Amino acid sequence: MPIFSLVPWVVLIPLIGLILNLLLGRRLGEAFSGTLATLAAGGSFVVAVLLAVGLSRDPHPTVVPFLNWITLDDFSARWAFRVDTLSVTMMLVVSGVGTLIHFYAIGYMHADVRHQGDPGRFTRFFVYLNLFIAAMMILVSADNFLMLFVGWEGVGLCSYLLIGFWFEKGKDGIANARAAKKAFIVNRIGDFGLLIALFLMVANFGSLDFSVVFEKAPALAAAAPGVLLAMTLFMLLGVTGKSAQIPLYVWLPDAMAGPTPVSALIHAATMVTAGVYLIIRSTPLFILAPAAQATVTWVGALTALFAATIAVGQYDIKKVLAYSTISQLGFMVAAVGMGAYVAGMFHLVTHAFFKALLFLSAGSVILGLERGHHHAAHHHGHGSHADDHHAVVEPVETFDPGDMRNMGGLRKTMPVTFWVYMIGTLALAGIFPFAGFWSKDEILLDASLHYPHVYWILSAAAFLTAFYMGRQVWMVFFGKARHEAAEHAEESPLVMTIPLILLAVLSALGGFINLPFKGFHQFGYWLEHTLGVIEFPPFDLVVAGLSTVLALGAIALSWFLYQRKPLENGDPDPLAKPLGLAFVGMENKWFVDEAYQFLFAQPYKALSTFLSQTVDWDIWHEWFHDSVLKKGFIGLARILADPVDLGFIDRVSYWLIDAIRASAESLRKLQNGFVRSYALSVVLGVAAILGYLLLK
Amino acid sequence: MNTIPAEYYLILSAILFSLGILGVLLRRNALVVFMSLELMFNAGNLAFITFARMYQTISAQVVVFFVMTVAAAEVAIGLALMVEIFRTKRSIDIDQMNSLKG
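Chains as they are written, first to last, in this note's numbering: chain G, 1 to 696; chain C, 1 to 102.
In short, the hints are calculated from the structure, not lab data. None of these values were measured; they are calculated from a predicted model. All C-beta atoms, glycine included, are put in the ideal place defined by N, C-alpha and C. Take the hints with a grain of salt, since some may be wrong.
[As the list claims (entries may be wrong)] Each computed DSBU-like pair below joins lysine-lysine, with the alpha-carbon atoms no more than 35 Å apart: (1) 412/G / 577/G; (2) 605/G / 480/G; (3) 669/G / 89/C; (4) 101/C / 669/G; (5) 182/G / 577/G; (6) 169/G / 182/G.
[To be verified] Some residues of chain C that are not near chain G, with every Cβ distance over 10 Å (derived): (7) 15; (8) 47; (9) 98.
[Said to hold, decoys possible] Rough simulated footprint, nothing fancy, chain C against chain G, three-plus residues with beta-carbon under 8 Å: (10) 665-674; (11) 677-687.
Based on the sequences and whatever the hints tell you, model everything.
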């Protein structure tokens, strides 16, 4: 299709947008910056839609060459774009949700940069955001693993830049910077895995192109199954880093230090799903390594349950959502591990809708609380000008606008946010007929057919999902305000609520792209063109019914605990008593960060200290350099200088000089100047020679 | 004609040469030293002539001419030096010409 040649523009438009913003953004102001970046993301979306239209007519995967990158004798890598139903689906999600988030961010960042006291960063934020869209597009549109890796690293960089966007803020002024660093380093461990997988591909297949790798994979699986297993497991390590799975998920909760649109776009809807996309893309490899598939499934399932338990014990509105994201990513990873690629992809799409919605709504809540706090502070005579946002910079403040214990009763003050939040919650909890119900159910259905253990684990996770979302909603929107900021909270402006409403519509209706009834698997049929023929298990009323009952039961339980007797300010969490130690664990993320500190960071630091202090300084520097090298050299120099040079060489040469001088002194006596003595010596010489000749 | 044996000439030549040596070694007057040198030359020449007669060969006689020529040249230079030395030192005592010594 000729329309496919448009595909480079999905990357180029955001790039142009960010360059224009870099050049002109500061000069032309907020409105220009935000609009330009939003238009750039929107342009990408338009291109993606055109591609989707093209694919609907001609669904065969197409490769659009763009640039040659590396050309060697026996290896080449080019930047080519792959247009197929899978990549275009990702493009649509990334640019579609991305555009809405860009739009939302115009409003959010307007308030945020003023609240944080540095309006100059408004443009920078949108530059990063556009850069992220470009990198993510490179990732999903790549035709070889190398370009995929370029995008993979690009989104990692943007993630780092945006988590640390307020790098001088946070606890002690470095908490945000540390969170960014943590994300980067943990991702680096994962990326190391992906890189090793890539090296294995180059070594075994001689190419990184998808087509070549997938074509040669069966031969390798037959010849050396261990290599293929290693390749897929290293790839899984990369996935656990990027998609926040056990054991590398620890960076994602800390990533909430970034502005909320970033949490929504990068750390919920798009970037973190790159790992899921990678596994789906690498299906032909994973199919050949059943052990790797099983590992993927179990990693996903355990992550889903583990993160859900932590989410139950969190108080920060964004932290709950962060652990929920990890948990939902676990669902997707488990699904693709089981081979339920359509289900995984389906959940990826719906999750992008409702999790972006939830995060953006949470941002709206946080801003509402900040406004309320400002309002309240003004009423108490703190601030001098109500409308002067700069006056917000107040002395030591312990108020945390993200703490759910400070909220309550926002249903009345923030009605739009409340209603969209409800839709997002129902979608995430998996209540019929919202999007999450269909996608999660499909995963559970596949699990129930192939992996009964995983099915029960995921069901438990789904139960907890509904429970912690219920807890959150009761705590945030119901009951009564537990802080004067919540009392005076104000609804967000239209620029923020419009994207919320759109995302709410998508969250509500997104499930209908793939209904589990014969003939209604449009999304499955769409992906079939890329993934090959797919088996659609028949709709199972028991599975669907059980999950609905679980979800409703969890919500009812959360109502019983959190709403029957609304929380008062300073009340302990109602779960703390019945669960006891377990709740302390949940509250403290099961001490995983501390365990990692103890197991990896501390020994590593001890090793570094040992290496630097003992090995490098004490042994290498102090002993080897100072004692062995320096002293040895000085000793050798002394030997050479004293006995050898002074004692021998000098003495010999002085003796030689004296000897020559002495002999010269005695010989010069012969040269007495008397001609007759010379003549006598000539005569004697002649006589001697003659005598010799005669006597011989 | 009764010839005188060659040995006599050679003995004469040896005597003359020895006298010349003694003159060079013992006398201090530079002119006398010179004349002693000439005596040695001519002792040599006599020996050459004698051998030339003995072996009936011409080459030795030729050498004598060369010697006489060289001697003449040498005497010319030697006498010139002598004159110069006398002008500066007012003496031709060779024992006083000892400034070139170690």
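Taking the hints in turn, this is what the structure says about them:
For the proposed pair residue 412/G and residue 577/G, the alpha carbon gap of about 30 Å is at most 35 Å, so the pair holds. Of the supplied pair hints, the one linking residue 605/G and residue 480/G is violated, its CA atoms being roughly 48 Å apart against a limit of 35 Å. For the hint linking residue 669/G to residue 89/C, the alpha-carbon distance of about 25 Å falls within 35 Å, and the restraint holds. For the hint pairing residue 101/C with residue 669/G, the CA-to-CA distance comes to about 8 Å; that is within 35 Å, so the pair holds.
Under the criterion of a C-alpha separation no larger than 35 Å, the hint pairing residue 182/G with residue 577/G is consistent with the structure, at around 33 Å. At most 35 Å may separate the alpha-carbon atoms for a hinted pair to count; residue 169/G and residue 182/G meet this at roughly 16 Å. The claim that residue 15/C is not at the interface with chain G holds, since no C-beta of that chain comes within 10 Å of its own (minimum 16 Å). Its beta-carbon lying about 14 Å from the closest one in chain G, residue 47/C satisfies the requirement of being farther than 10 Å from that chain.
Distance to chain G contradicts residue 98/C as a non-interface residue, since its nearest Cβ pair spans about 3 Å, not more than 10 Å. Closer than 8 Å: that is the beta-carbon criterion, and the segment 665-674 of chain G has 8 residues meeting it against chain C, so the requirement of 3 holds. Look at the segment 677-687 of chain G against chain C: 3 of its residues bring a Cβ nearer than 8 Å to a Cβ of that chain, three or more, so the hint holds.
In terms of the numbered hints stated before, the structure departs from hints 2, 9, listed from lowest to highest.
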